[in-house]
Amino acid sequence: MVPITTLHYLVVAAALFVLGVIGVLTRRNVVVVLMSIELILNAVNLNLVAFSRVWGLHGQIFSIFVITDAAAEAAVGLGILIAFFRNKETVNVDEVDLLKW
Amino acid sequence: MLHLALFTIFGAVAVAGAVNLLVQRHPINSALSLIAVMASLSVEYLLLGAEFVAAVQVIVYAGAIMVLFVFVIMLLNAGEEELTRGSRVAILVGIPGVLIGAVLIAWTLVQHSGTGEVAIGALPGRPETIGWLLFHDFLLPFEVTSILVLIAIMGAVVLAGRPVPTSQQPRKEA
Amino acid sequence: MAQYFTGTDYLLSLPVVLLTLFALGILLIDLMLPKQLKWVNAVTAFAGVLFATAGVWRIQAVYAKGAGGYLGRFAFMQSMLVDRFAIYFFYLFLAGTALAILISVRYLEIENEHHGEFYALMLLSVVGMMCMAAGYDIVLIFIGLELMAISTYVLVGFLRRDRRSNEAALKYLLLGAFSSGIFAYGLSLFYGLTGSTNLRAIGNALQHQMMVRNGHADPVAVLALITTATGLLFKIAAVPFHQWAPDAYEGAPTSITGFMSVAVKAAAWAMLLRILVFGLYPLRSVYLPLIIFVSIATMTGANLAALTQNNLKRLLAYSSIAHVGYMLLGLVALASVDYTQPAFYDGFKGILLYLMVYTFMNLGAFAVITSLRNREVIGDEIDDIAGLYFRAPTEAIMMLIFLLSLAGIPPLAGFYGKYFIFLSLIESKHYVLASLAVLYAVFGLYYYMRIANSMLMREPLEKELLPLSWGMRAALGVTAVATVFIGIFPNWFIEAVNWSLGLTQATPIAGLMK
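Residue numbers (our numbering), protein chains in the order written: chain Y, 222 to 322; chain B, 2 to 175; chain V, 22 to 535.
Please keep in mind that the hints were generated in silico from the structure rather than gathered at the bench.
Just so you know, even glycine gets a beta-carbon here, dropped at the ideal spot from N, CA and C.
Stretches of chain B that chain V covers, calculated by requiring three or more beta carbons in the stretch to come under 8 Å of a beta carbon on chain V:
#1 134-143
#2 148-157
Sample of chain B residues with no beta-carbon within 12 Å of chain V, all distances over it, derived:
#3 V20
#4 N21
#5 V44
One chain only, chain Y, in its complex shape:
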């Protein structure tokens, strides 16, 4: 039987982080890009909670703040998306083309 260490959790978090980065870089749909950013923030949270097992509760507190921030970012992001959609009728990143990308 392999004992589970903090490292195991960190590897899962790193995998989620990298998948989130891939999502931001390759997907065209703005909603999916925002979801990939949520994935990155989830990786941060898993890191923090795993470390907080070693060091005490401060990491968990930090993760609660990160969750709140994710909620705020998602709300504003979707608000901007709605305003954008109203003028342009698309949700694809590469059709955000009035300004040079």
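We have chain Y already, so just place chains B and V on it with the hints.
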């Protein structure tokens, strides 16, 4: 043994959900797989003894945020995303590049010794202690967070609200 | 039971509390105001800034006096450190915000988007900036950063009917949130390495680990440093993380472009200095090569891209990226020597002075561009400024002063910012970098003179005179006078920077290291 089994199952579900999020072409499927990721992460938090964070994860993330996402997907009626040449190039160049990054990150983490074994049970994350910390050590960040949430509400209302029609002439496009 | 929070804590948070109260007040008053009286919101916001300035002044008088006084005070269980460095930045943020409010009023009326939320968001973003500059706990710094960033996203997208504004906000949000995520990942690794969220504890633990490992950094520390630095460099818009800046600057309401290029940028710099110099100082040998590379890339990329721009806001965006490159050179100088060397102070001094000078000259230039906007003309193309001298001579002369100052011509303020940075580079023996920087500064003269040429030599496309509102007049007057004044009497301002670093005291830099 229980710890190993639970960790492996839910860790695998989380990573598989994340992969599925990227592979799915329809945003609603991506949103559903993100919910799976978040739910399985909250089980991982329980294994780490963070009961409160696990509850917040389910209530705020899987509950509130994802409802918002699903709502917006439905509202905008976003359909399937087609691949363009640009996105194919991004996939061809991006994925190998990022995978190299992943291997580097994993290698770095493995290099670092000194992460101890995690026992299941004997949970440190009692809600009282968290509350005490929030209103003591982290009082200022906590209060600032309340402003952050206010801004988010205000921003969403300002941006998504319907603009008042004006008699102004249309502006010249640049 | 012991008393956890004392009057000191509350006094130190006074500016933040005042700004929040005024912002909430604006939101309430706005509901009652008819459309013609929306300028009352601007007056309220301006009063809020004045009250907050008085609060900062009070803190300075009580806790940061000269000899024998304190260099700084911790508040709220060490999550906040209000030292002279923080107070200096508080003043910068408040000055930038006050000027941006002055130039906003008429612009918003023309755009027909004159809402109270605009000013409330500006004040609340200053709250975030103050948390970034005074934060001594990575949780507070992160929350402050997000507070500032999210309010700026909304401000950029404030012109809802304008597609450029929508797009700018969307791009800024996606890249900003992405970089915040990467930044948070780095912070979580630092927490894991050191077991603390306090910058001083993190710095001490890292120092200890470096000693244990014979001066080699832990690989995880390197990974954490790279992700954290990526987030920080994104926020100051250094090449190759600058993609968002020209788009966001071009699409945002012009007064917000000015606000972003001074106050938001100063806050990002305050955070960068707090984290890299105060917290992660033990890792300086690791990040030095990274900063050198980024600063060269930034100067090269931005100066080349600025040459071909025809949109004034975009051109000034690239110019502001180029200025970030020069400021990063100051960081190179201070990270390459020990903190007892003169190059360390001169580099630090250079960055702080540069930020102050930049606040006035750049906001002045944006004020001129804002004034070009009238009912029919968007006024941000280089053609729109053509013949400005014949339409508004005073304004054209002021713009010329700002442009010369941005280019770093000696009798003006911009020169002194560059002077200390080049001095510190020479003191720390980076001769190649110093000559490269001088070369690029000369190069920059070309595109600034392109604007000046269009302004002074070309025939105006529109003949009518340019009306200026009282707010615009005040803002232009203050920025122009400050730009000239700092250039002619630099000593007072250098003294102020010395004061903020505590250089007259026995302890070299307030709050740095043990």
